[in-house]
Amino acid sequence: MTPEDLVELEAIKRLKYAYFRNLDLKRWDEILELFTPDATCAYSAGAYSYEGRDAIVEFFRKGMGSETFHSSHKAHHPEIALTGPTTATGVWALEDRVVDTQWGIVIQGAAFYDDDYVKVDGDWRIARTAYKRVYETMEPLGPNVTLTASYWATGGRSSLPAPE
Amino acid sequence: MTPEDLVELEAIKRLKYAYFRNLDLKRWDEILELFTPDATCAYSAGAYSYEGRDAIVEFFRKGMGSETFHSSHKAHHPEIALTGPTTATGVWALEDRVVDTQWGIVIQGAAFYDDDYVKVDGDWRIARTAYKRVYETMEPLGPNVTLTASYWATGGRSSLPAPE
Amino acid sequence: MTPEDLVELEAIKRLKYAYFRNLDLKRWDEILELFTPDATCAYSAGAYSYEGRDAIVEFFRKGMGSETFHSSHKAHHPEIALTGPTTATGVWALEDRVVDTQWGIVIQGAAFYDDDYVKVDGDWRIARTAYKRVYETMEPLGPNVTLTASYWATGGRSSLPAPE
Chain P
26 MTPEDLVELE AIKRLKYAYF RNLDLKRWDE ILELFTPDAT CAYSAGAYSY
76 EGRDAIVEFF RKGMGSETFH SSHKAHHPEI ALTGPTTATG VWALEDRVVD
126 TQWGIVIQGA AFYDDDYVKV DGDWRIARTA YKRVYETMEP LGPNVTLTAS
176 YWATGGRSSL PAPE
Chain W
26 MTPEDLVELE AIKRLKYAYF RNLDLKRWDE ILELFTPDAT CAYSAGAYSY
76 EGRDAIVEFF RKGMGSETFH SSHKAHHPEI ALTGPTTATG VWALEDRVVD
126 TQWGIVIQGA AFYDDDYVKV DGDWRIARTA YKRVYETMEP LGPNVTLTAS
176 YWATGGRSSL PAPE
Chain X
26 MTPEDLVELE AIKRLKYAYF RNLDLKRWDE ILELFTPDAT CAYSAGAYSY
76 EGRDAIVEFF RKGMGSETFH SSHKAHHPEI ALTGPTTATG VWALEDRVVD
126 TQWGIVIQGA AFYDDDYVKV DGDWRIARTA YKRVYETMEP LGPNVTLTAS
176 YWATGGRSSL PAPE
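Protein chains in written order, with this note's numbering: chain P, 26 to 189; chain W, 26 to 189; chain X, 26 to 189.
For reference, chain P alone in the conformation it holds in the complex (with noise of 0.2 Å):
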């Protein structure tokens, strides 16, 4: 490995990172641009598999669209391998948690990712990503558990009071 080489390795990071912030961030636009147009997923060991960039998407908005539903995903560990100019593997450590207030369920769990991506006129897309689960579960949202901030009820902010 050499310095050049983790110069793609940071810009192949940084697709992972938009891609979870825009998927967080409900903003479907901007996570579209992100996959080749042929690209496929096969999450939760294929349970969620889709053909197009279009259908992924598509895939996102109906389960993850209702601003009642808060997810983080977050990822770890990347294991990132260069296989020629524009092609690269990745494997990551996905952790994430869903707090949904509509249903008052909580659902959360542990992942491998295994990635592949490619670079189209000096960009990295994402072509091919699954995963599969560590685990998962799911429990009902307690009756004493408050919502304390939302993105979209509160604008992001606390009600939580400032130390005095």
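Read the hints as simulated data drawn from the structure, not as lab findings. Worth double-checking, as some hints may not be accurate.
Since the list can't tell identical chains apart, any single copy or any two copies may satisfy a pair.
[Unchecked claim] DMTMM-like mimics (lysine to aspartate or glutamate), calculated; alpha carbons at most 25 Å apart, straight line:
hint, residue 1, residue 2
1, K51, E189
2, K87, E104
3, K157, E189
4, K38, D141
5, K38, D148
6, K144, D63
7, K38, E104
8, K51, D125
9, K144, E55
10, K144, E35
11, K144, E104
12, K38, D139
13, K144, E29
14, K51, E83
15, K87, D125
16, K38, E76
Given the coordinates of chain P, work out where chains W and X should sit on it, guided by the hints.
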């Protein structure tokens, strides 16, 4: 981006890592040095806004100073831009969790940071830091939850037995 | 720090990433190779201390070997120092969560690692690893919590339906 730029990015990442390490370990004198004297903060979409590093650190001391306040703040997905030889901006994804055993509460959530950094005498410092929450919840610490380790109460040692 | 130093840092980060990937996926033969033969550990402020990589991995097997023990260990905020051509130290922030469906418990917490690494025949290895907890809690797995995916029980596939 060049390999030399990556050296600057690494230095800025370490500034942020030192910030969170000193925050969660309550090292107030050390965290003060990571800010410029006239730094500003606007945490939680401005709910907690202060001017000057002394006021920022006083906010930390008051809100997080108790040794029964256990916090884990983790920053992910750095999207850092060098905007000049001594200026930079940074977007980060936060996930944080607080377990306060005195008040019997758990606070957890996610947010996106939007920071400004400046390089002073060769060292990067935080000039402005702000975040907006994706979500934040507060709930009572359940009666069946046991604190099995604490940096302060047990010296960081768990009471859970080793496997036999 | 130079761009060439960053190549070494990247190699050390990948050592740690491979360690956690093999830990959470219970790949004991693979994790063994990441340690020097005489490596030592002092986890949880010394509560779990072992000498030699065989003893360390035996500790993992006994404590985490069951396929009902689902763990997610995530390392953040690497502050790595190259202390010589073949030696380095590392500080990392850990966040971990365990869901054990056999015993019906959830353990979660945070810690700071303090590691020593050595380069042997061109590959970085863990020579010493230790952490102190910021906090750790244990609680019963609630009766309303459903395990909707498991790497072992479901092949990593979720039972939650896709949105329609």
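A quick look at each hint next to the structure:
For the homomeric pair K51 and E189, the shortest alpha-carbon distance between copies (18 Å) is at most 25 Å, but the shortest distance inside one copy (35 Å) is not. In this homomeric assembly, K87 and E104 never come within 25 Å of each other (Cα to Cα): the closest approach is 31 Å inside a single copy and 28 Å across copies. Only between protomers do K157 and E189 lie at most 25 Å apart by alpha-carbon distance; the minimum there is 22 Å, versus 46 Å within a single protomer. In this assembly of identical chains, the alpha carbons of K38 and D141 lie at most 25 Å apart whether taken from the same copy (12 Å) or from different copies (21 Å).
In the homo-oligomer, the alpha carbons of K38 and D148 lie at most 25 Å apart both inside one protomer (12 Å) and across protomers (23 Å), since each shortest distance falls under that limit. For the homomeric pair K144 and D63, the shortest alpha-carbon distance inside one copy (14 Å) is at most 25 Å, but the shortest distance between copies (42 Å) is not. In the homo-oligomer, the alpha carbons of K38 and E104 lie at most 25 Å apart both inside one protomer (10 Å) and across protomers (9 Å), since each shortest distance falls under that limit. In the homo-oligomer, the alpha carbons of K51 and D125 lie at most 25 Å apart inside one protomer (14 Å), although the nearest pairing across protomers, at 32 Å, exceeds that limit.
Taking the closest pair of Cα atoms, K144 and E55 come within 25 Å of each other only inside a single copy of the chain (18 Å); across copies the shortest separation is 32 Å, beyond that limit. Taking identical chains as interchangeable, the C-alpha atoms of K144 and E35 lie at most 25 Å apart whether they share a chain (13 Å) or sit on different chains (22 Å). In the homo-oligomer, the alpha carbons of K144 and E104 lie at most 25 Å apart both inside one protomer (18 Å) and across protomers (19 Å), since each shortest distance falls under that limit. Taking identical chains as interchangeable, the C-alpha atoms of K38 and D139 lie at most 25 Å apart whether they share a chain (14 Å) or sit on different chains (18 Å).
Taking identical chains as interchangeable, the C-alpha atoms of K144 and E29 lie at most 25 Å apart whether they share a chain (15 Å) or sit on different chains (22 Å). For a Cα distance limit of 25 Å, the shortest separation of K51 from E83 inside one copy, 12 Å, qualifies, whereas the shortest one across copies, 35 Å, does not. Taking the shortest Cα distances, K87 and D125 sit within 25 Å of each other inside one copy (14 Å), while across copies they are farther apart (32 Å). Taking the shortest alpha-carbon separations for K38 and E76, only the intra-copy value of 23 Å comes in at or below 25 Å, while the best inter-copy value is 33 Å.
Checked against the numbered hints above, the structure violates only hint 2.
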